[in-house]
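Trainee: Each chain, written out:
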Amino acid sequence: MADTVNQATRKGFLVDTSRCIGCRSCQVACKQWNKLEADKTANKGTFENPRDLTPALYNRIKFIEKETDGAISWQFFNERCMHCGDAGCMKVCPSPGALSRTSDGIVVFNKDKCISCKYCVSACPFNIPRYGADDKVSKCHLCTDRINGGMTPACAKACPTETLKYGRRSELIAKATAAKKTLYGVDDLMGLGVVYALEGPPEQYGLPARPSIPLSIFLWKDVIKPLGILGFWSSIGAMLLHYVTIGPKKVDDDLDSREDGHE
Amino acid sequence: MSEYIERFRTSERVLHWVVTASFFTLLLTGLGLYSRLFHGYFGLFGGGMNAIFIHKISGVIFFFSSIYMYLNHKKDVSSFDEDDKLWIDKSGGYLSRDASHFNIGKYNPGQKLFALCIAAATAVLGVTGVIAWLPLYFPRFIVQVSLMMHSLFFIGSIMFVVVHVYLATIGNPGTIEAMLYGNVRKIWAKKHHPKWYKETTEPQ
Chain A
1 MADTVNQATR KGFLVDTSRC IGCRSCQVAC KQWNKLEADK TANKGTFENP
51 RDLTPALYNR IKFIEKETDG AISWQFFNER CMHCGDAGCM KVCPSPGALS
101 RTSDGIVVFN KDKCISCKYC VSACPFNIPR YGADDKVSKC HLCTDRINGG
151 MTPACAKACP TETLKYGRRS ELIAKATAAK KTLYGVDDLM GLGVVYALEG
201 PPEQYGLPAR PSIPLSIFLW KDVIKPLGIL GFWSSIGAML LHYVTIGPKK
251 VDDDLDSRED GHE
Chain B
1001 MSEYIERFRT SERVLHWVVT ASFFTLLLTG LGLYSRLFHG YFGLFGGGMN
1051 AIFIHKISGV IFFFSSIYMY LNHKKDVSSF DEDDKLWIDK SGGYLSRDAS
1101 HFNIGKYNPG QKLFALCIAA ATAVLGVTGV IAWLPLYFPR FIVQVSLMMH
1151 SLFFIGSIMF VVVHVYLATI GNPGTIEAML YGNVRKIWAK KHHPKWYKET
1201 TEPQ
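Respectively, the protein sequence lines represent chains A and B. Residues in the first sequence are numbered from 1 upward in steps of one, following our numbering. Residues in the second sequence are numbered from 1001 upward in steps of one, following our numbering.
Some hints here could point you the wrong way.
[As the list claims (entries may be wrong)] Just some of the chain A residues that point at chain B, by a computed CB distance under 7 Å:
1) Ala71
2) Ile217
3) Lys225
4) Lys249
[As the list claims (entries may be wrong)] Simulated pairs of lysine-lysine, BS3-like, Cα-Cα distance not exceeding 30 Å:
5) A/Lys250 - B/Lys1112
6) B/Lys1056 - B/Lys1195
7) B/Lys1056 - A/Lys250
8) A/Lys250 - B/Lys1195
9) A/Lys113 - B/Lys1056
10) B/Lys1190 - A/Lys250
11) B/Lys1106 - A/Lys250
12) B/Lys1056 - A/Lys136
13) B/Lys1074 - B/Lys1198
14) A/Lys111 - B/Lys1056
[To be verified] Here are the in silico distance ranges between beta carbons for each label pair:
15) A/Asn127 - B/His1039: 19 to 29 Å
16) B/Leu1044 - A/Ser116: 50 to 60 Å
17) A/Val244 - B/Tyr1181: 42 to 52 Å
18) B/Leu1044 - A/Gly22: 23 to 33 Å
19) A/Asp145 - B/Phe1038: 51 to 61 Å
Treat the hints as calculated values from the structure; they're not laboratory data. All figures in this text were calculated on a predicted structure; none of them were measured in a lab. All C-beta atoms, glycine included, are put in the ideal place defined by N, C-alpha and C.
Using the sequences provided together with the hints, build the complete structure.
Mentor: And the structure:
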C-alpha cells in the first residue's frame, strides 16, 4: 500500500500570494459547495476570521498583519491541506481507504472508513486535519467531486484575482518559474500539491522552511515498525533455537525420575 | 508429607491472569493500529472503531492490574543480593547444558528484571496511551513522541513476554504449575529457588 504519486499527471494549485486581496471568496465558495456549517467566531481585534481551520472550514485566508509606525500592512495566505506527495496522514492512517490518493494525486478522505484514531492530526507536517462532533477526519479534498465532473475546485472558481490557479501541477510550476516567482513546496515532501509563490520567507507565513514528516512519526512508522516486527520474530526464533540447542532445564535431571501422574 | 509447596496464592494467580488476558487483548486490538499489515485483526472485534474502544478498556485494566501486581512484589523484585550476582555472571546457566546451581530466593534476577521492565513499560504505555487517546488536548509534539514511545515500549514488552512465556513453560518444565494450581513440586523448588525453598519449609 505504498503511497506513490504520478508527478507527470499530478494536479494541484499554484497560489500566488501577491495577487490575493483577502476577500475570502475561497472560504465562502468552499463552504457553499461542501455544504459546511458556519462557525461562530469572536472578534479578536483582527480582520482574520476564523482564526484557525475547523472541521467545517477546509480552507481559509490567514492574515499576516504587521504594524510599522502606526500603519498596518497585510499579507494574505491561503491555508489548506497541501496534498503532499509524501503525505504524513496517509503514512500513519491504519484504516485503508480512510485517506487515499486520487489518480490526480489529491489526498481525499472517506468518513465512513475513518476509525477516529486521529493519527493524521499528529502526522501532518502542516497541522491541517480537523475532527468535529462526528469524530471523523475532515480537510480540503480539492473538490474531487467537482474535478471528476470536469470542473475547477470551488475556491479557485470563486477567486476573483486568480490567486488560486488550478491545473496540471508541472505546468503551473513551469509558468510560475518562467515568471521568476519564488516557489514554496516544489520538491519538499515529494512535492506539495499546493505550491505557493510567496512574497517573503516561509517563516513569515508560519510555514516550516523545510517541511517534513515529524521526526517521531518517521521513527515510529519507518524505523520502529519494521524493526519491531523483525524483533518479535527474532525473539520467537531465539527461544526455539535455545530449546533445540541448549534445551530446557529439567527438574528430574538431578534426581531419579519418578512418575507423578499429575498431568 | 506432600510433594508440593505453594508458590502463588489464589489471589496472586488470578491477578496474573487478569494482567495476561488484558495484555493479549491489547495486543490483538492494537496490532491493526501498529501497522496496516495487521489490519485483518480488526475483524476479530468487528472493525477498527470497536478495536480501539476495546483497546482503551483493556488498557485501563492492564495498567491498574499490572501496576498493582508490581507493587505487590516490589520488595521481592527490586533488591539483588550476592547470589543474584553469581546468577547474572553465568546468565542463570541458560547458555550452557552443564548443570548449574545457584542459591536463588523466590525470584531469580531474570524474573526480577522482567518484573521491573514490565512495570516501567506499563507506566510508559499507560501515560503515552492516554495522550494518544486524547490527542487534541495535548501539544502536537507531545502526541507525536507519545505515539513513537507507545510502539517502542510495546515492542520491548512483547519481546520480553515471548522470553517470559518460554522460560515459564517449555524452557523450565514444571514452572507453569505455579501459576495454574499455585503449587510446585518440591524438587522443582529445590532446583530453581533453593533459598526460597529453605525459607518457606524450615521452621522460623
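Trainee: Now tell me if each hint is right for this structure.
Mentor: The hints, checked one at a time:
no. : hint                             : result
1   : Ala71                            : 35 Å, violated
2   : Ile217                           : 6 Å, holds
3   : Lys225                           : 6 Å, holds
4   : Lys249                           : 5 Å, holds
5   : A/Lys250 - B/Lys1112             : 22 Å, holds
6   : B/Lys1056 - B/Lys1195            : 41 Å, violated
7   : B/Lys1056 - A/Lys250             : 40 Å, violated
8   : A/Lys250 - B/Lys1195             : 19 Å, holds
9   : A/Lys113 - B/Lys1056             : 20 Å, holds
10  : B/Lys1190 - A/Lys250             : 12 Å, holds
11  : B/Lys1106 - A/Lys250             : 18 Å, holds
12  : B/Lys1056 - A/Lys136             : 18 Å, holds
13  : B/Lys1074 - B/Lys1198            : 21 Å, holds
14  : A/Lys111 - B/Lys1056             : 22 Å, holds
15  : A/Asn127 - B/His1039: 19 to 29 Å : 26 Å, holds
16  : B/Leu1044 - A/Ser116: 50 to 60 Å : 19 Å, violated
17  : A/Val244 - B/Tyr1181: 42 to 52 Å : 29 Å, violated
18  : B/Leu1044 - A/Gly22: 23 to 33 Å  : 52 Å, violated
19  : A/Asp145 - B/Phe1038: 51 to 61 Å : 33 Å, violated
Hint check: violations occur at hints 1, 6, 7, 16, 17, 18, 19; the rest are consistent with the structure.
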